[in-house]
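Residue numbers (my numbering), protein chains in the order written: chain L, 1 to 253; chain E, 1001 to 1215.
Quick caveat, the hints were computed from the structure, so don't treat them as lab data. Here the structure is a predicted model, which means the values were calculated and not measured. Note that the Cβ used here is the ideal one computed from N, Cα and C, for glycine as well. Heads up, a few of these hints could be off.
To be verified - Which chain E residues face chain L? A few, computed with CB under 8 Å, are given here:
1) Val1009
2) Gly1013
3) Ala1019
4) Arg1049
5) Leu1050
6) Ala1051
7) Asp1052
8) Leu1068
9) Val1070
10) Ala1085
11) Glu1088
12) Leu1101
13) Ala1102
Stated by the list, open to error - Rough simulated footprint, nothing fancy, chain L against chain E, three-plus residues with beta-carbon under 8 Å:
14) 1075-1083
15) 1107-1118
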Amino acid sequence: MHVSLGQVAATLALVAVAVGVSLWQHADLERDIAVATVRSLVQLTAIGYVIKGIFASDSLLFVAVLLAAMVTFGALTARRRAARVPGAFWPLLAALAFAAATTLGLVVALGVFKANARYLVPVGGMVIGNAMTAAAVALNRLGDEVVDSAAAIEARLALGATSAQAIRPVIRRSLRSGMIPLIDSTKTTGLIFFPGTMVGMLLAGAAPIDAVRLQLILLYTLLGSVSLGALTAVLLAYRNFFTAAHQLRELPA
Amino acid sequence: MLFELDGVVASRGERVVLAGLDGAIAEGATCIVGPSGAGKSTLLRLLNRLADPDAGAISYRGRDLQVLDVLQLRREVALVPQLPALVEGSVADNVRYGALLAGRDADVGRLLRLAGLGESFAERTAARLSVGEQQRVMLARALALEPSVLLLDEPTSALDHETTLAVEATLTELRGELEISLVFVTHDLLQPRRLGDRVLALRDGRLVAEGAARP
């Protein structure tokens, strides 16, 4: 399937609708819409050419470099959402790298996808993106919860609990926050919304059942990556709230 | 000596709360008094190492706090915080919490009686109790650690006069029954007379007076 620039340009009409709504209702979003439109055009076009080059070379080294860059940018982006967690970057980086490596390794080992650029790049991007969102949500909750339940955590420490024991309920709730959105959207998929891969395949002319099966594969893969991403991020990040002597560090106000 | 403090400096955020505190806390019942912000609660937190001083040293029965196993210390020197902070579940879950972490079960009925609550409280949901009852659950929970020192941060501040006297009676009985040393912080200037052997008065992070609680 070939998509012309003209077709892309035509959809700017819908962007104009968004700008119109914003102007009419004084939502003050015109600038943001313009920035979003330009950024998406530039970023996606750039990554399109990068992916084109990687597909052409079919070099696993280039695939690894691209995925590593995605992991790094993902960790930097997620860190902003986890502002209340001290030193969140390294736990996030480790979490995204671990989630991506494990998930991609498993789907290749199980023979679901071949170990080449055409599969690893798009699937890797989805895996990292979803793991990033889940890890960011989980750490965001972790930061808020530690502040809100500082007294309860200290009460447990005072009763001889280790840091890990004292924060266990908070870890559980943070992990749930990170995982529930994808679980919920997996539950309602096909009923309330059509996920992107399926839509893309149908538009590209694939048979509906193939589109559905590939979508299922991706959804199940994402469940794995999201759980690993959120879990790793939370288990590594909570340590930054404590000293080696099982003391809750003083929290910034 | 139960605790000895040597030039203890501690801060919270930017504020210096203890400014070179020297002093000693003897075995028995010691009451720490002083205006808000004098550093009373901070001192309690240092005694079981929920926090460490920025400078200076604290010893417990002749040994530097820093060399003791911190989890063991917190079981031996148990802190009852000022505000109720209960774990989810029943009263019995709360009373058992610290004991189970230490690898043993607790005699919930006996501990509840010691803390002045009936055994019937064991299966009640902790979060639904009154503040006074929660305070007693916190006391029972600390006693389950079989501590040799109890640190109490304003144990009766949230209670009415009648309940205050009942908790004080409980604490007096505990001292007789369990040979526990008490270090407690209070705003109530008459409480040291009723409960304490000695009084330490803090102001602006320094010890300004000490003496016998009763003339």
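Tested hints:
| no. | hint | result |
| --- | --- | --- |
| 1 | Val1009 | violated (15 Å) |
| 2 | Gly1013 | holds (7 Å) |
| 3 | Ala1019 | violated (18 Å) |
| 4 | Arg1049 | holds (6 Å) |
| 5 | Leu1050 | holds (6 Å) |
| 6 | Ala1051 | holds (6 Å) |
| 7 | Asp1052 | holds (7 Å) |
| 8 | Leu1068 | violated (10 Å) |
| 9 | Val1070 | holds (5 Å) |
| 10 | Ala1085 | holds (4 Å) |
| 11 | Glu1088 | holds (7 Å) |
| 12 | Leu1101 | holds (5 Å) |
| 13 | Ala1102 | holds (6 Å) |
| 14 | 1075-1083 | holds (count 5) |
| 15 | 1107-1118 | violated (count 0) |
The structure shown violates the earlier hints numbered 1, 3, 8 and 15.
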